[in-house]
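J.: Here is what each chain is made of, one letter per residue.
2 protein chains.
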Amino acid sequence: MSEELAEGLVAGGATRPAGFLADGVFCGIKEHDPAGEKRDVGCLVSELHATVAGVFTENKVKAAPVLVDQERMQLGVTCGIVYCSGNANACTGNQGLANAREMTALLANQVGVAADEILVCSTGVIGKQLPMDIVRDGISRLAPARERHLEAAVAMLTTDEWPKEAAAEFEANGHTYAVGGMAKGAAMIHPNMATMLAYLTTDAPVARSFLQTTLKRAVDDSFHMISVDGDTSTNDTVLALANGAVGGPEINGGAAGEALETALRAVAVHLAKEIVRNAEGATKMFGVEVRGAASVAAARLVGRSVASSSLVKTAFLGSDPNWGRIMCAAGYSGVDFDPDKASLWLEDMLLFQNGTPTDFDEDAASTLLDRKQSLFILDLADGNATATAWGCDLTTEYVIFNSDYRT
Amino acid sequence: MSEELAEGLVAGGATRPAGFLADGVFCGIKEHDPAGEKRDVGCLVSELHATVAGVFTENKVKAAPVLVDQERMQLGVTCGIVYCSGNANACTGNQGLANAREMTALLANQVGVAADEILVCSTGVIGKQLPMDIVRDGISRLAPARERHLEAAVAMLTTDEWPKEAAAEFEANGHTYAVGGMAKGAAMIHPNMATMLAYLTTDAPVARSFLQTTLKRAVDDSFHMISVDGDTSTNDTVLALANGAVGGPEINGGAAGEALETALRAVAVHLAKEIVRNAEGATKMFGVEVRGAASVAAARLVGRSVASSSLVKTAFLGSDPNWGRIMCAAGYSGVDFDPDKASLWLEDMLLFQNGTPTDFDEDAASTLLDRKQSLFILDLADGNATATAWGCDLTTEYVIFNSDYRT
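Chains L and H, in that order, give the protein sequences.
Per the working numbering, the first sequence starts with residue 118, numbered consecutively.
Per the working numbering, the second sequence starts with residue 118, numbered consecutively.
The set of hints was computed from the structure by calculation and includes no laboratory data.
Each hint can be trusted.
As the list makes no split between identical chains, a pair holds if one copy fits it or if it spans any two.
Each computed DSS-like pair below joins lysine-lysine, with the alpha-carbon atoms no more than 27 angstroms apart: (1) 177 <-> 458; (2) 333 <-> 177; (3) 401 <-> 489; (4) 245 <-> 458.
All values reported here derive from a predicted model rather than from experimental measurement.
Let the sequences and hints guide you as you build the complete structure.
T.: So this is what it looks like as structure tokens:
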């Protein structure tokens, strides 16, 4: 877990903003652990109706909770999220849809709202029906409270080693607002648990369409810029809830909108980097800062292609400054650029200049790559746009974990 | 190596068709092996001017030999190919282009043709200049002969465990023609050796544009349907040479064209499957037969997405009938289909039917997956098009080999 706060962050998680409560308990979807540290059912509740925005998986095979949430996003407001981990409720047909809806009805009943005012998420194994008897019991034992954000963050984990929380503050219209969040990663120690989930909260009042726009931009710079293994899950979901508990005029762009977006991005980027740092089997992480791209979209594509390459990831594991693999992955990203103008650095060490190899010190470069975090900078010399992607090493542990038989 | 001939194949390799000669020697680009089994410079020569067609990497970072060949394809005819393994001659700037051209001039001089009548390929580490002193010596020692096809097939290998050759025959216009070929795989035991190269030959006379069309179709069904790790190399090249040595009217479609294409596809599919079977670290392979797709392009996309998924490949390593990962990979392929209509089989065992899990026997399925080759059949129920992709398991050996430091 992070020992100090990253720049721009404050302590706390999804309940740092006023009016948000949370909890997480163990019901038995996951195998019992004698230490009693596991949780597999959780909730995040807003005391006020919250404006809601969402970004969902683009996989054509969408889990039942994703389908239910996408339908309910049309309401534009929500009172909270109920979720479980250990079972994805994906590829489960009509029974899966009924089970997802029942989960929302159970939490809605407890907090005194309508079922369609609750959203739902699941993460875990694909193709198994939820064990609703124990899920019902688990939901009945949820006692949402502001101080139980860590329990809630633990309840969304699958094979992550630690819970992922972050919070930030911003000033706007004479008020101090908070943004909070929790996430679980694409840490696939057990099969079919590739899902990335994140819930972001704020106590600022935010116009619905602006919340959706600003969430999309923050996700594009954070969760969309990380890669663990290139598999896009059936369940990926990022939800943003703005309950306006602190009051003030509705934020809908301008300076207040920018302040909100800066805080939301800081929380989202931190959670995204935590997911990479804790990726299954990973021992260290690297950034790929793409400069001089013709567009931000091009910079993102190139960065993601490099961060996703199995050959780059294995070379990074071996601290091998094997930059040819980076140029190769940039070349198949789908972005058009002139390799003869491109240059590549590891930190401030020039590896490749205007299309030609340099005589860099390979031992010094290898030593740089031994650290917990490294940065490659790739200048395409094709424009002014930049973007940064993050990846991790591909290890034998990844392979072993993911080939273990499920039962 | 294959012990018996696959259906539709005959014995031999790239020199099975009349008028083709080949050779391969060791010059020292690769580290010396005391057993004297390595070869790293080779050639394939046609005694007659051959019509030529080519399919090249779509990577924007193209190796010097790819750039030289693409230029020379405009001639439409060639007298042969000179190649080396152990060095990709990629990301090497103008010096790399000069070196690639010099390789062709050296072989051209030996066989008495013009330099631009020779094509060139390289495969190996990216970003190092070719050691031209030893390459010159190696080329000078090439003595192309019909019976030296195996030496030539060995000289194109990098980390492949065995040479890959195939041949087939077809009847057309009252003649018996042969098709032959050799390939090297994406077996990346050492870094930066992801390149796939294949040379296909025939002694039939073939119209240039028809040769290009039929090669493209054969490649789409073979080399484009295999995946080892999703990394598209800077050097990938497939060349087809038709020298007309057997005589007869020029083939330009019709029944003769179909006969040629059937033979060419049989050779290409066999070589492609050999590449997967010999993929670095792989212990077994699987096919993904996509049925009921709206188009062949859609079927190919879905098949390739499944065959490339790290999660599918690791589950396959563990003989885990974890079909949710297959549906997930199909879902993010970019192809639109209705998961509620889709069904999935392992051989004749139904795993998923019209969007709902079946109660299949997991132990029996796991036993099926223990074999050297398995077939998944995915019916999208969205049309009549089909395609088959091939993949292999992702093993810890893959990770270890690819993280080894280069020097």
